[in-house]
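Protein chains in written order, with our numbering: chain E, 1 to 622; chain S, 623 to 1098.
Derived by calculation from the structure, the hints in this document are not laboratory data. All C-beta atoms in this analysis are idealised placements derived from N, C-alpha and C, irrespective of residue type, glycine included. A portion of the hints provided could be inaccurate.
Covered, in the sense of this in silico footprint (three residues per stretch, anywhere, with C-beta under 8 Å from a C-beta of chain E), are these stretches of chain S [unchecked claim]:
{"hint": "1", "segment": "1018-1028"}
{"hint": "2", "segment": "1038-1051"}
{"hint": "3", "segment": "1078-1088"}
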Amino acid sequence: MMATTLLWPIIFPAVMAIILFLIPARIKLVREVLAVLSSVVMLYLGFSLFLLKNLSLKTNWLGMGINFDFRLYQFSAFILLALSGFLFLIVLYSTIKMKDHPRIREYYAYVFLAAAFSNGAVLANNFVLLVFFWEAILITTYALITLGLKPTSHRTAVKSLIIGGLCDFSMIMGIGLIWASTGTLTMDQVHLEPYGLAAAAFILMMIGAIGKAGAMPFHTWIPDAALDAPVTFMAFMPASFEKLLGIYLLARISLDFFELKVGSPMAMVLLIIGAATIVLAVFMALIQKDLKKLLSFHAISQVGYMILGIGTAIPIGIAGGIFHMINHAMYKTGLFLSAGSVEHRTGTTELKKLGGLAREMPWTAFGFSVCALAISGVWPLNGFVSKEMVFHGALETGYPIFAIAAWVGAIFTFASFLKAGHSVFFGPRSTEVPKTRESQWSIVLPILILAILCITFGVYNKLPLENFIQPVVAGHAEPGQHIDLAAGALNLFTPIAGVSMLCLLIALGLHFYGWKQGGKKAYLASEPIHRLPVLHQLYDLSEARFFDIYEQGVKFLAWLSRMLFKFIDRPIDFIYEKVVVSIGRFFTVLFQKAHNGQYGNYLAWTIGGLIVVVWVILKLLQ
Amino acid sequence: MKVETITQLIIFIPLLGSLLVPLAGAISPKLRSFWSVLIGGITAFLPLTLITQALKGGEILWSKRLALGLDFVLIIDPLSIFMSIVSSFIGFLIIVYSLGYIHHEEHQNEYYLMVVMFIGSMMGLVFSGSLVFIYLFWEIIAIACWRLIGFYRQKDYVLKADKAFLMTFGGAVVMLLGFILIYAQTGTFDLTAMRGVAIPGSAVLLILFGLFSKSATVPLHTWLPDAGVAPTTVTALLHAAVLVKIGVYAYARLFLYTFKIPAAWQQAVIIMAVISSLIAAAGAVVENDIKRILAYSTISQIGYIFLGLSVANPTAVSGSLLYILMHGLAKAGLFLCAGIVIHSTNKRDIREMGGLIRTMPMTAISFLICAFSVIGLPPLGGFFSKLLVIMGAIKANQIWVAALALFTAILTMYYLMRVFSLVFLGELKVSAPEKTPSMVGVVTVLALFSVLAGFFVSYPMKLVQLATTHITWWLR
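Extracted from the complex, chain S is given alone in its bound form (with noise of 0.2 Å):
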């Protein structure tokens, strides 16, 4: 098959396949289970088919005519290759997981039509070339996050949903002024047509607030640790799979592939990002609920990865879409274990748990692994892209961002310990068993990717310099 089918089969497979899961569960709920696991697992492959045409380096552009200038244009490069690849296989394993998790509840049907979904507009909003289709994603995207926070639909819940949703959309909409600033200065919403062009800060600043918002950066993160009142699948899949690795993808296809920024504005995003790390951090040292101390965690780590992107020298950037894969497997580790704590105690307060390790050993030691993992410990997958990030930090000459990065991951190694001492170690206060076979295999899974990912980096690396050296192409 040629590559450009493959995108795009990529896009609308889960993009109309989620359209017939309803239809699948009016049959029966078995089906509805085979077809989203089926679906997903046609996402979580097809990527894989790229890696070739990745490693090729260099991009393939396919574009359709449409009408007003609309253009439907898809970039197939290394970058969105691993975006793909990345996001797909973690959605993926969260369907599986949701089997176990959420088989007792309702409105199952648009539980999965959302979900799967959700990966289908990822997977349109990685591979978009345009504007206006990045922003049609962006927030078919928001749509579906919206009902998933709000699954369990109790008053409260729905409140924080409507929170999430009015903050991500409000920055949105002001991003979609950014882009017609930019339509007014170039008269196109073509990415590929506007490669190299100098955009004024003023763009900078309104499309800093949709990413920001969207991936959850100080000062527009509270909705992340809001939205934990979802079902902790959805959390997993907003903070490791799609939705907050939305914002620093952008950043990389605009504010890098794209389009020349201001210096005094990636200066801005450089600071803003480690001090997003930092304030976040403490938040997750503070908390006690334990979705809330893993929610603060991935802002904390979010501002890493803008961090490394927004210094753009090679070491940085590689090392921040390292982190989009190594951040990805361990947190979405760290939230299924969490879930299956949460579903076995039916407590979320870290306080009130303890001694769990005794009921639930694969638990907390793919638990411990992903949160070794997420502090940038060696072996473990999570060191290497830290380091990067860090030492090209360093190189770029941001010596008080390094060290202050440094500082967070000191931060971090606190308080994750501390959640996993008080969760899992000490005197058992709520015993209950490992769940099913379907979660424990997951988060088994994903801890043991974590280790290889480490060990086996030049793999994943090989792509990640690739791409690195695809979008920095203005360093050449």
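Chain E with its partners taken away, still in its complex shape (with noise of 0.2 Å):
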């Protein structure tokens, strides 16, 4: 096939961009038709380039480097090939759920640009090819945003910028180091010791690629967008394409770029951030209130297990981690579109105001819990499966506390699930949402679809990591050792998996616990761990935006500025204003004496100056 090829899923869906948003908003059935047709051909490309699996374009462009150039091979186009595949959903989704959307030109519009860039990121074979993508989905994001319409939306859409901005102007920063020492900026052709120097561009490029994945303290603005932004979104872009996008660059960065060892410094800094995302933004899922904010949490919550795993370096617990992405694209995805079901039938997701939804919406309800059970890590669910290899990597590093934070992590993953689930679909009808059915087709097909996926991927698991974890963990190896990570996978009976089943077994105690304590509210579940003394506290800090990395890093940015206005910018003028004018009109005054009227004077001064002038220009022409 032809190496031009590799531009079609770069090209096609920009056009379509265009063409979607030219039509007229009156048109619905052929947009809608269009859409979703050009995202199947999204997802035949994404096919037809996965079987092909080799191949790499190259021309230039900028000169010095700067070259436009692609490359396909097993881990990008597996990436590519999930990015089409959860384009079509979301897209199919779209087709009722935005439906009578305002702004619904636009929306396809920033939906498929989102898309073309994401897979030129992907492809992509050179630094500035690839920053120019990846920071270019910013804008798509910063739109998508927008067309939430709520009050706040533009506030968190700026939000989104900004963060998105910081991470990927470190990226560019750590792109340039990479290129000032090894004199190259191709893709494949760098591999670094991450050390010195190195060891800078390794955590700037990591900024970069975390913080597109949505990982502490780079994730403040996903809980704000779950609240702002339309839900399609949210399941479009942080629960799948920035995980996908960020855990593939992360996990390039940690096994091509550099040379990541098991507990190296660098391998550190990942597990800790890794560590501490996942705990830190569990508790805060565990206290939720809103459906969509609850999922948020987690979004970000997961991405602790990617990194922890990819962290470790082990090459069971990177295929972990790599594993979890996609699973957990799945799941969240899943999740989210049953919240969109839900908020698309009763118009609300607050816990409080749902309950007993599962009579009247029997899909979404087994779609969800399909979904929570699966990022619970529950037996035999693909959440299981990848998370299991991450607990193996993390305890093979010899750091035993980070298994530990991953497994206090999965406790309070499936309280809170337990406490959304039982909230909206079981218990008691609530009386405060009028009788509903279940959503149409196109919305539940989706939901369906990564619920079934969730099945395939955990009971059928060597069929995803045969064809693609493998693969892209095989080159790294130690020399003659064989990787089978299918075998024995979903063995029950193993230390680790037992300590897991603990985990849930735990879970299911706090939640009848609460629930009990709460009078048999479902969604006071969590209230016992969210009143303990201290986490109290802390919580009511987080709620204030303490921790908020966006909130304080904004004040700081203004106050620095008012500094530089204050004592450097305001002190410069004033001496040009005051200064220099009295200096000006000492002399002014000064000279004013000189013109005392008189005949004498004004010819002395005239000879005077004569004289000078002369004598310059003598000196001059010496």
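Please assemble the complex out of the two chains, which come individually in their own frames, going by the hints.
As structure tokens, then:
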């Protein structure tokens, strides 16, 4: 096949974005059909490129080693396929959910543009090209959040833009350092040992990657967006696309661009960020009272597992991290789409107002439950398999603390999903929402597809592990070591699996206790933990955005600016406005005195001046 | 036509044509508008015909002997051609926009006279290869600038115009001393005869006064925010097309193309540029007047251009030259959008505006696109210029400078998004319709160009690369 085929996943959605934008808002059916058809074409492209595996394209672009350079290989082909799959599901879902959105033309345009940029970022084989596509996604993210049309939507959009900008600028810095030390910008030619300056480059690039994935502390816009942005955006960006991209890049940084060694300082950095993200975000998720916001905190917490997995720098851990990425994208998208389905029918996602919807919305309830069990790591779903791999890797690093953090995360993940599922779909039927029925097929179908995928990837884990994951880590195993990830992946009778199951039981106990304490109201099940002494104060501070890097950062920027303005800029202006002017005035007054109105005086000045002029000219002519 | 003839036409058509503006105005305002647009159009079109010459690389020198060694020398190389295309094109768009903006004001004869002469002397300065003529055009520009900033004639406005004039003039006089020092050393004003000459730090310092005052770099910058009292078209002209780009252009012409300067001074400029950029960005965060914010933003962006030029490796220099184009397009767009807003609401404090996206959607979207370009977000053009400057700085081992420059980029993002949110979003405080088609059309064109310049960056980049290899000949 022609190498230019590689440009199709980028150009096609970009062109479709323009076409979909130009179709007048009134013509609904044509746009929806066209959007779904294009996403099917994208899926087809994704499949055919995945089967193709190896392809590259390189032409000159800006000179100086900045080339228009694309490369398809097993990893990027896998991510490309995944991206197009999620695009298809979300577009299908949007045909109903976003049907009456007043700015629907923009919506599809941004979604397809984001897809084009994401595909470009995945295929790029030149760092500048990568940053170009990578950072361009920011604008589509920004625009999609504003489509939430809430009063605070734009604020959140700017927040995402500035946090994203911070991460991407740090990535540019990292790329610059890589360029300065290796002299090349071609991605597959870079392989550094992360020490000294290269370590700084590693950290800076990593910030770009985990920032996109939404790890702490670059996560704070996601919970805000959960309320301010359309729910389809949440399923599209933070749940699937950004995770896939961020973890893809992180994996490439740790495996390809740099050589991450087990227990090395850089690996420790990743492990710490991963563990902190898991634990802190899951504690925030636990106490949320809104389904979408609860899900958004899990979208952050789960990134922790992926980063932790990659940070172990052990093949099984890395594989677990990457496998967790794809699994997470599936169940988290499924969960957000179920939340959207509930919102679609009832108009709310507040846990307090919902309850007992399982009878009226059985398919949504089924999809939600499967995805929720998957994210909690219940046997034999996909989440179980990938989490076990991460636990395994974390233990093998020799620092059990990271495995413990991961297990703590597992406890509260399950507890919060018990709470969420219990409050929305089970328990007594709430009286606050009127009687309703199941959502349309194009909403339910994506959810069910994702739920079935969660089961498939769990029960038949051999399929994804051998086709997608194993090839990626194969090159990084010890020579002669054969990796068979699928063997024993579902084994329940190992110590690690035992601990995991114990965690689930603890979660069940916690939920039951909280439910009892809260007067059998499921949405209050997390209150006992919420009200724990020290934790309570921390929760309050966090609700007041005290730990929000953006809020504090913006305050800092404003303060710094005021200082610079007040103590440097204004004093400089003072010199011109006041000092210079008064000196000028002083001399004016002085010279005024020379004008006394007498002829002799003026004559003397004139002759004196003439002599000076002549002297200067003579001097110059010499 | 010969390249030299075209170049002379580029300079003299607007310079002489501007003098006929009052005559046309005396006949009818329509004729005056037509004449100004015509002259502006020709001046914008002619440099485009030089692109083929630029793509050949190399340079054409032309000179006319005049008395006292004050030869009139023209340098026609990719750098001057690139610069003339950018300036005249943006200048032309601003003339078109003026038709709507200025049409009910007094003194229109003088306005168009000065604007066209402004562009003409810019063309003269760009192609001049002699220190004397650079100084001459430099001061014509200062005078035109002085008249235009004080266009509204209020007492305090005129004072601001005086401030701008005196500061830039003061800088230019000091620069002239530097020129004389160089003359004393080499005995010529002809740049083409002095290539590769090492000049002492004292001359560099004196000349830098001129460059920094014209290009509004800290600590010689405070006249630029104050010059915001001018009509917005003039501000756009000063910021995007002509005035503040003179300093950076002259830097490239004098300190890269012609002279060798001491390494310590090069490092000093690097540091001053990045500090200027940061302090100005801070000013933009603090200010509330939309034009002052944009003015500080210009100072901040000029810092990047100086940074790239003073780093002086091919990456950074080509980034800087590209920056002149990208910043010109985007900043002109921002100012002209601000002009529409100010014109319709009669307000300049962004805290008193709000919700204008509902009544003027095209302006709002153009503003946002141009803002993204200034911030340096892909896929817009500003991304590449900023990226190249910063990558160049890192490659030259200026790691902390690059980090500071990126930090400034975050500040840029912060203040521009603040302006956008306050002016165009939130509740509608002053309802005002969008303005005439010529005004909205121009801002849309500028926004569109910012987008196209991003997607098709390889075309301007080709020219920029040629200019870079040409002026950094000493690297070969």
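Hint-by-hint comparison with the structure:
no.	hint	in the structure
1	1018-1028	holds (count 5)
2	1038-1051	holds (count 3)
3	1078-1088	holds (count 4)
The structure shown violates none of the earlier numbered hints.
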